[in-house]
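Enquirer: Take a look at the letters that make up each chain.
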Amino acid sequence: MATQGHDATSYAPPREMEEMELGHPKTFIGKYIWSQDAKVIAIQYGITATAIGLVALALSILIRLQLGFPGTFSFMDPSSYLQYVSMHGMIMVVYLLTALFLGGFGNYLIPLMCGARDMVFPYLNMLSFWFYFVAVLVLVASFFVPGGPTGAGWTLYPPQSISPGTPGIDGGIILMLVSLAIFIIGFTMGGLNYIVTVLQARTRGMTLMRLPLSIWGIFMATVLAMLAFPALLVAALMMLMDLLVGTSFFMPAMIALGEQTGYDSGSPLLFQHLFWFFGHPEVYIVALPAFGIVSDILATHARKNIFGYRMMVWALVAIGGLSFVVWAHHMYVSGMNPYFGFLFATTTLIIAVPTALKVYNWVLTLWHGNIKLNVPMLCCIGFIFTFVNGGLSGLFLGNVTVDVPLADTYFVVGHFHMVMAVAPVMVIFAAIYHWYPLMTGRMLNNTMGKIHFWVTLLGTYAVYYPMHYMGFAGVPRRYYAYGETGFIPDSVVTLNSFISIAAIVVALAQFLFIYNLVVSYFRGEKAGRNPWGATTLEWQTEHVPPRHGNFGPELPVVYRWAFDYGVPGAKDDFIPQNVPPEDVVMASAGDPKADR
Amino acid sequence: MTITLVFLAVLLALCLGWIVRQSINVQPWVAETGPIVLDRLPPAATAARVGLGVFLAVVMSFFMLSISAYTIRMEMGRDWIPLTPPALLWVNTVVLVLGSLALQLAWNAARRDDIDRLKVGLLAGGALTMLFVIGQVAAWWQLYGEGRYLTGNPAASFFYLITALHGLHLLGGMVAWARTLLRVRRGETPAQVRVSVELCTLYWHFLFLLWLILFGLLLST
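One line per chain: the protein sequences are A and B, in this order.
Heads up: the first sequence at position 479 corresponds to 479 in the numbering used here, and the numbers run straight through without jumps.
For any residue, its number in the numbering used here is found by taking its place in the second sequence, counting from 1, and adding 1000.
These are computed hints drawn from the structure, not numbers from a lab.
Wrong hints could be hidden among the right ones.
Selected chain B positions facing chain A (Cβ under 8 Å, derived; list incomplete) [as the list claims (entries may be wrong)]:
#1 LEU1016
#2 GLU1032
#3 VAL1050
#4 VAL1058
#5 SER1066
#6 ALA1069
#7 THR1071
#8 PRO1082
#9 LEU1150
#10 THR1151
#11 LEU1161
What the simulated footprint calls covered on chain B by chain A, stretch by stretch (three residues with Cβ under 8 Å from a Cβ of chain A suffice, anywhere in the stretch; the number is not a length) [as the list claims (entries may be wrong)]:
#12 1002-1014
#13 1182-1192
Predicted model, so just to flag it, every value in this text is computed and none were measured.
Don't be surprised by glycine CBs; every beta carbon is placed ideally from N, CA and C.
All chains should be built: construct the whole structure from the sequences, respecting the hints.
Expert: Rendered as structure tokens:
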């Protein structure tokens, strides 16, 4: 490696920004409740999202009990079934995945990985969490109002969602829409922080092209969310007005329960346009942080630099841009001009190009890598498999002619649970197994982790793979019971029981994970500094876990990108980002590495 | 949706141009061997300003989507009866531009360290904004008196919705304005409140331009 005669200080460019003033709360409440420290806010987000996610998991088990063993459980009536389906979907997509990736990992990783002391607007960051918390409370409250939560499906399509006869029309749907509005306002506060911190608070030497890919993923996802969530807000406000005031934005003239309603000529299609203008970018709001995080974890545990870093960044940007012009592929069966369908099918299939590019690069990163098959790496490989499988069925559904017969069947359920549920959740697990030692200072139990991973991966395949076949058989989704249906063979009933048992096993495995999280916090093996030998700045902090202010008296200076693994000639197989070239320890002559 | 897509295309083109400049001809895998030459941020790009810019992009996205909804609904229903906005809106527009100008004066005064003019500008800006909001409510009152209610004609529904959303954004700005005024009252110097005054002013200018777009839309349809 070329080292030139510079002393260490000559590398240090002038500070990009002044040291920020940090509040130093003394009380417990100031430190952990009304906290303005991004790391604490991240854990608050994480715990709240996990808690509400467990509610959604319980709902999914209730759904599966009904589908697998129809008629056995008397407390499940058609209304409550629809309510569970709706709330399961909404909670998982918005309140768990979005909140956990951006609110949780975004808050934890952005300041640390960029080399900042905290977010740029800490007070706003605190407000962001508390808005989210209130949104979750309002959502939970809808379970306890007369009539229960809404049963309109997570897409909340009007006119059904606000017509008499739909479960939750008395209050559930109002609370749902209000909760979404609060969530969006809170998210905007957080999103401002994520974007401005990445743009403005990077430490010296941390150019954009030296950012870890996790930050790129979270950054692009935030940009998408900031532009897409307003569509949901507009739709929610207009639907609230239709419901409460009696305007006809979305509600057509119709007869409900034998009576003419006061609505006239509203357009349900308008709602679908607004909803999916948010809804499709939402898929990538969840996927892009997952893409970013998986890239960093793969490189770390394969001890190899990420293949095609710049391509990975550009693919993230391309996917983000394209995600705004594909929304109508969710509406092929809503009725549209065939040329429109053709256009949206084309854009949808084009998105496969940058996505496939990312998959190739992950696989090529593993190629000839020094792969450590620990739990984070297993989860990442599990992610690649699941994402490819789920993505391939997406190619089917992207084509209008294939989509029309498959729409609203279990094929769709199988597809999006593979690509949008299991795949990102695998990354969440990978990220937790990877960063838990940093957050707590202790390692998670490896055996429990491996059992958890294998049961979850194989179990989810047992759950979602058969659903594709059920979809080909034409079994419709969102049905409480199938009754006497000629085209549904008996084998579907047996298959449904099998799926339900597999789903229960997967759900139970998650309790092993939570047990692992709790027990390891107290009794886990001490992690020490940088147990994985990672290069990124969050592992180079003075203390583990990092304290308030993240770094010591001086912010780190960055000399290299985040992927200096296995550099030829260097003694260690990794060089942290903040090590200047002249401090790199070279291998001695007898060291086999020197020959590489 | 065309309007929203055009807006997004412009925004994304700006982002793309910026990312291209950051990433073209960069070899991230090469470690620094000389003094780090940083592509430093221009001094004008403070965190507060960039934050405001991002927020304005979000607000703009929100209103572009509302306008898209407006145009889609206009074409879709047979019940759309074009609405002539009350003449009072012209007066309100003048009031809002005066409010924006008053805040500009306050910002200029803050830069010149002129506390008296700063106070005058801030107070006038706030008062004119409140007058604008009252004027909008009066316009609603007029429409209501003419029997054009929130329900029924979707053109009227959209009129109320869009003016209300714009007004709410102004009232949100008034919170920031009130905090700034309070700080001036407590005796903070113009230099201390300059950033707050500046952010308020830029936000007001934005909301004025937004109002021109919305008013133009209401007039032309």
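Enquirer: Next, verify each hint and record whether it holds.
Expert: Here is how each hint holds up against the structure:
1. The closest approach between the C-beta of B:LEU1016 and any C-beta of chain A is roughly 7 Å, which is under the 8 Å cut-off, so the hint is satisfied.
2. For the restraint placing B:GLU1032 at the interface with chain A, the shortest Cβ-Cβ distance is roughly 4 Å, inside the 8 Å limit, so the hint holds.
3. About 5 Å separates the beta-carbon of B:VAL1050 from the nearest beta-carbon of chain A, less than 8 Å, and the hint is met.
4. Look at B:VAL1058: its Cβ gets to within about 5 Å of chain A, closer than 8 Å, so that hint holds up.
5. For B:SER1066, the suggested interface contact is upheld, since its CB lies about 5 Å from the closest CB of chain A, less than 8 Å.
6. A hinted interface residue such as B:ALA1069 counts as satisfied when its beta carbon comes closer than 8 Å to some beta carbon of chain A; here the least separation is about 6 Å, so the hint holds.
7. This hint is violated: B:THR1071 has a C-beta 10 Å from the nearest C-beta of chain A, more than the 8 Å allowed.
8. Look at B:PRO1082: its Cβ only gets to about 15 Å from chain A, farther than 8 Å, so that hint breaks.
9. For B:LEU1150, the shortest C-beta to C-beta distance to chain A is roughly 6 Å, which falls under 8 Å, so the interface hint holds.
10. With a least beta-carbon distance of about 4 Å to chain A, the hint placing B:THR1151 at the interface is held under the 8 Å criterion.
11. For B:LEU1161, the shortest C-beta to C-beta distance to chain A is roughly 7 Å, which falls under 8 Å, so the interface hint holds.
12. Coverage of a stretch by a chain is defined here by at least three residues with a beta carbon nearer than 8 Å to that chain's beta carbons; for the segment 1002-1014 of chain B and chain A the count is 5, and the condition holds.
13. Only when three residues or more bring their CB closer than 8 Å to a CB of chain A does the claim for the segment 1182-1192 of chain B stand; here the count is 0, and the claim is violated.
When the structure is compared with the earlier hints, violations turn up for hints 7, 8 and 13 and for no others.
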